[in-house]
Amino acid sequence: MWDYSDKVKEHFFTPKNAGAVADANAVGEVGSISCGDALRLTLKVNPETEVIEESGFQTFGCGSAIASSSVLTEIIKGMTLDEALKVTNQDIAAQLDGLPPEKMHCSVMGREALQAAVANYRGEEWKDDHEEGALICKCFAIDAVMIEEMIWANKLRTVEDVTNFTKAGGGCAACHEDIEAILEKVLAEKGEKFDPTAAPVEKVEVEKVKTPLTNLQRIKKIEEVLTSLRPQLMADGGDVELVEVIDNTAYVNMTGACNGCQMAAMTIAGIQQRLMEVLGEFIRVVPASEMKKLVNIQGAGHA
Amino acid sequence: MPDIYLDNNATTKVDPAVVDVMIPFFLEQYGNPSSIHKFADGVAKALKKARGQVQELIGAEHDSEIIFTSCGTESDSTAILSAIKAQPNRKEIITTTVEHAAILNLCENLEKEGYTIHRLPVDKCGRLNLEAYKKMLSDQVAIVSVMWANNETGTIFPIVEMAEMANAAGVMFHTDAVQAVGKIPMMLQDTKIDMLSISGHKLHAPKGIGVLYLRRGTRYRPLLRGGHQERGRRAGTENTASIVGLGRACELALEHMEYENVQVKAMRDRLERGIIEQIPNSFITGDLNNRLPNTTDIAFEYIEGEAILMLLNKAGIAASSGSACTSGSLEPSHVMRAMQIPYTAAHGTIRFSFSRYNTMSEVDEVLKVMPDIVAVLRKLSPYWDSVTNEPVANPEAAFTPTFK
Chain H
1 MWDYSDKVKE HFFTPKNAGA VADANAVGEV GSISCGDALR LTLKVNPETE
51 VIEESGFQTF GCGSAIASSS VLTEIIKGMT LDEALKVTNQ DIAAQLDGLP
101 PEKMHCSVMG REALQAAVAN YRGEEWKDDH EEGALICKCF AIDAVMIEEM
151 IWANKLRTVE DVTNFTKAGG GCAACHEDIE AILEKVLAEK GEKFDPTAAP
201 VEKVEVEKVK TPLTNLQRIK KIEEVLTSLR PQLMADGGDV ELVEVIDNTA
251 YVNMTGACNG CQMAAMTIAG IQQRLMEVLG EFIRVVPASE MKKLVNIQGA
301 GHA
Chain Z
1001 MPDIYLDNNA TTKVDPAVVD VMIPFFLEQY GNPSSIHKFA DGVAKALKKA
1051 RGQVQELIGA EHDSEIIFTS CGTESDSTAI LSAIKAQPNR KEIITTTVEH
1101 AAILNLCENL EKEGYTIHRL PVDKCGRLNL EAYKKMLSDQ VAIVSVMWAN
1151 NETGTIFPIV EMAEMANAAG VMFHTDAVQA VGKIPMMLQD TKIDMLSISG
1201 HKLHAPKGIG VLYLRRGTRY RPLLRGGHQE RGRRAGTENT ASIVGLGRAC
1251 ELALEHMEYE NVQVKAMRDR LERGIIEQIP NSFITGDLNN RLPNTTDIAF
1301 EYIEGEAILM LLNKAGIAAS SGSACTSGSL EPSHVMRAMQ IPYTAAHGTI
1351 RFSFSRYNTM SEVDEVLKVM PDIVAVLRKL SPYWDSVTNE PVANPEAAFT
1401 PTFK
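For the record, the sequence lines run as chains H and Z.
Using my numbering, the letters of the first sequence map in sequence onto residues 1 to 303.
Using my numbering, the letters of the second sequence map in sequence onto residues 1001 to 1404.
No lab work stands behind these hints: they were computed from the structure.
One or more hints might be untrue.
[What the hints assert, rightly or not] Over 12 Å on every C-beta distance to chain Z, these chain H residues come out as not near it, computed from the model:
1. F12
2. T80
3. E184
[To be verified] No farther apart than 25 Å at their CA atoms in a straight line, the calculated lysine to any residue pairs in the SDA-like style are these:
4. K138(H) to A1101(Z)
5. K185(H) to P1371(Z)
6. K1112(Z) to K77(H)
7. K185(H) to D1385(Z)
8. K1112(Z) to D195(H)
9. K185(H) to N1105(Z)
10. K77(H) to C1071(Z)
11. K44(H) to P1401(Z)
12. K16(H) to D1372(Z)
13. K44(H) to P1371(Z)
14. K1112(Z) to K16(H)
15. K9(H) to Y1005(Z)
16. K16(H) to H1118(Z)
17. K1379(Z) to D6(H)
18. K7(H) to K1379(Z)
19. K1112(Z) to D143(H)
20. K1379(Z) to A20(H)
21. K44(H) to D1372(Z)
22. K127(H) to Y1343(Z)
23. K138(H) to H1334(Z)
24. K185(H) to A1101(Z)
25. K7(H) to A1318(Z)
26. K7(H) to K1314(Z)
27. K9(H) to A1345(Z)
28. K9(H) to K1379(Z)
29. K1112(Z) to A173(H)
30. K16(H) to P1371(Z)
31. K1207(Z) to A174(H)
32. K193(H) to P1401(Z)
33. K7(H) to V1387(Z)
[To be verified] Short, incomplete list of chain Z residues facing chain H, as computed with Cβ under 10 Å:
34. K1112
35. G1348
36. S1381
Note that the structure is predicted; figures quoted are calculated from it, not measured.
Using N, Cα and C, we set each Cβ at its ideal position, and we do this for glycine too.
Let the hints inform the model, and build the full structure from the sequences given.
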């Protein structure tokens, strides 16, 4: 059985806001083909303030689908519609103390039901723009559709390329056979042949530098490295921004999908690794959220 | 009440009598059966005895037709890969849409290598069409591989007849019988079955031991080459303790064959009748007239299987489901899809599989909790009207989610 957190179990065994809201004025109905789950979210929105006063769910689905629905209705109660639209599937998963990678789509379904309900309230038509494929990389939760798209878009040719651009296969490596099969298929569609010995496509290489560096040189170099890594992060719907460099510590803001993602820690570790390779010196990468305290203490010292 | 185990098609408890005969082969007779000293002098004899016990259960003509392997999957792979290697000019394989992954994924892989795979469909009751099968048989077919009984529904296929048809067409026949061996009587020497797979842990032997039955004279190429073990047909030092355990388990299965088909079947029948009578919108899947005595697979409409299992587990009851979310892959059960069970029912299928260790009072306990579990989940379901306690009128039209 899945390794569910206590939070998931709690929301499954004693779901909150189960059932349809009476006289609801916003309804969102979505389903996930990949597992057959489906969810109807009903909201009672105050027409004056656009505040969600009541929310209820009806779910045909597994334990984590029910738990995701339950926690979603709790999160959005009392929010305005605009605030609610900012709720991401990572927020839903985080409230549940995480979901197994295979079950992240349950949280996606929750977010989409919310978007559909808001669209319904506003008289708009909601369309889902993202397609879901079979889960290939379980370490980083990357599906086949995403890998195929990246192969097409970036002319990828090897497993290493796929890992560089999507992270898929960068963990336990057990999915490399599946990635090769996808490469074979896509390359055949392009009229090419998969060659496991092919050289990886050229990455935006940042030249290594000789130490020691001045702080200005260091910052410029760090910016270059982040620029080279950006396409990969943006493919995941995220981004990174350099906030400050103090001694050998770089403070960064992980934004978009990276923010709150359980993989953020691994991404930061990856950035740090790359920076050390290029700078040729030890550097620590730390989320900017941890910087405030430090600056305050330093500021206090100067006063 | 202690926990109730109704997932015996997944795996079984090792019979204490089996454990007893195994222990000496860990602690005393741990010598390599190929060695000539007193740590090994009882081992070869014990292996021979176990071989005889397996032979007896399946009615093989010779004990040398029994090859010990590591599991059912190894036996399946060995059988199919042997057939295609021994007959390189035959590039087709016949199987069914409802096989175990051990066969389906291997065939899918062979398809990529250029083999043509014929997958026999099943009807809504899970039955094969033998006319269609007959038309597929030709001198291009390397092997037919059809399971004896389906692991999800317990549906039994007409294996003896199908083996005869293959034999008449000059085609090799293999059956994955891991669910059938020990539950239904068989006499292989009277059949045209060339190869058959057994898995120890499905019949109260330990995990990690299997058998490939190989009819004498069947053309064969080993999967593992190396030492002379199993007459060179499966190299690798013998898993002596488990082989001895499997032998004893086969002996016990033969002794309990009647019990399995009378008492165990009675428990199964009482459970499924009780559920169908008490719970509206539930039905049994598979071929009700041709089923293993220990298996029932029941669809509960408009709710999902993993959720049912979690509530059952909380009540101390272990079963399994054909729903998408319970398989590691998130794929809905291919068996339910093959039988064209609508997805609002396929996702709510629960398999209860019994063994001789179950009791009637356990059946009563399940019958006590099951109606409430289904009711609780239906209350949450968008397809269910909790006021009238029945499906909403025209469920497929009343709830039409945007699917992605």
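Hints, verified against the model:
At the 12 Å boundary, the C-beta of F12(H) falls inside the reach of chain Z, the nearest C-beta of that chain being 6 Å off. Non-interface call for T80(H) relative to chain Z: holds, since the shortest CB-CB distance, roughly 24 Å, exceeds 12 Å. Against the 12 Å criterion, E184(H) falls within the reach of chain Z, whose nearest CB is about 9 Å from its own CB. Of the supplied pair hints, the one linking K138(H) and A1101(Z) holds, its CA atoms being roughly 20 Å apart against a limit of 25 Å.
At most 25 Å may separate the alpha-carbon atoms for a hinted pair to count; K185(H) and P1371(Z) exceed this at roughly 48 Å. For the suggested pair K1112(Z) and K77(H), the alpha carbons sit about 52 Å apart, so the restraint of at most 25 Å is broken. Distance check on the hinted pair: K185(H) and D1385(Z) sit about 46 Å apart at the alpha-carbon level, beyond 25 Å; violated. Taken as a hint, the K1112(Z) and D195(H) pair is honoured in the structure, with Cα atoms around 17 Å apart against an allowance of 25 Å.
As the CA atoms of K185(H) and N1105(Z) are separated by approximately 18 Å, the hinted pair is consistent with the 25 Å bound. Distance restraint check for K77(H) and C1071(Z): the Cα-Cα separation of roughly 53 Å exceeds the 25 Å cut-off, and the hinted pair is therefore not satisfied. Simply put, K44(H) and P1401(Z) have alpha-carbon atoms about 19 Å apart, close enough for the 25 Å limit, and the pair holds. Among the hinted pairs, K16(H) with D1372(Z) is consistent with the structure: their alpha-carbon atoms are about 19 Å apart, no more than 25 Å.
The straight-line distance between the Cα atoms of K44(H) and P1371(Z) is roughly 32 Å, outside the 25 Å bound, and the hint therefore fails. About 48 Å separates the Cα atoms of K1112(Z) and K16(H), which puts this hinted pair outside 25 Å; it is violated. Among the hinted pairs, K9(H) with Y1005(Z) is consistent with the structure: their alpha-carbon atoms are about 22 Å apart, no more than 25 Å. Pair hint K16(H) plus H1118(Z) does not hold up; C-alpha atoms about 49 Å apart against a cutoff of 25 Å.
A hinted pair counts as satisfied when its Cα atoms are at most 25 Å apart, and K1379(Z) with D6(H) qualifies at roughly 23 Å. Of the pairs offered as hints, the one joining K7(H) and K1379(Z) holds, with about 21 Å between alpha carbons and a cut-off of 25 Å not exceeded. For the hint pairing K1112(Z) with D143(H), the CA-to-CA distance comes to about 21 Å; that is within 25 Å, so the pair holds. For the given pair, K1379(Z) sits about 10 Å from A20(H) by alpha-carbon distance, which is consistent with the 25 Å threshold.
A threshold of 25 Å between alpha carbons decides the hint, and for K44(H) with D1372(Z) the separation of about 30 Å lies outside it, so the pair is violated. Restraint check for K127(H) and Y1343(Z): satisfied, since their Cα atoms lie roughly 23 Å apart, inside the 25 Å limit. At roughly 22 Å between alpha-carbon atoms, K138(H) and H1334(Z) fall within 25 Å of each other, so this suggested pair holds. At most 25 Å may separate the alpha-carbon atoms for a hinted pair to count; K185(H) and A1101(Z) meet this at roughly 23 Å.
Restraint check: the Cα-Cα separation between K7(H) and A1318(Z) comes to about 22 Å, which is no more than 25 Å; the hinted pair holds. Straight-line distance between C-alpha atoms of K7(H) and K1314(Z) comes to about 16 Å, which keeps the hinted pair within the 25 Å bound. Between K9(H) and A1345(Z), the direct Cα distance comes to roughly 24 Å. Compliance with the 25 Å bound is thereby established for this hinted pair. With a C-alpha separation of about 18 Å, the suggested pairing of K9(H) with K1379(Z) holds against the 25 Å cut-off.
Using a Cα cut-off of 25 Å, the hinted pair K1112(Z) and A173(H) holds, with the two alpha carbons roughly 22 Å apart. The straight-line distance between the Cα atoms of K16(H) and P1371(Z) is roughly 22 Å, inside the 25 Å bound, and the hint therefore holds. For the given pair, K1207(Z) sits about 24 Å from A174(H) by alpha-carbon distance, which is consistent with the 25 Å threshold. Annotation: proposed proximity of K193(H) to P1401(Z) is violated, straight-line Cα distance about 40 Å (limit 25 Å).
Pair hint K7(H) plus V1387(Z) does not hold up; C-alpha atoms about 30 Å apart against a cutoff of 25 Å. For K1112(Z), the interface hint holds, the least distance from its beta-carbon to any beta-carbon of chain H being 8 Å, beneath 10 Å. A hinted interface residue such as G1348(Z) counts as satisfied when its beta carbon comes closer than 10 Å to some beta carbon of chain H; here the least separation is about 9 Å, so the hint holds. The closest approach between the C-beta of S1381(Z) and any C-beta of chain H is roughly 5 Å, which is under the 10 Å cut-off, so the hint is satisfied.
Checked against the numbered hints given earlier, this structure breaks hints 1, 3, 5, 6, 7, 10, 13, 14, 16, 21, 32, 33; the rest are met.
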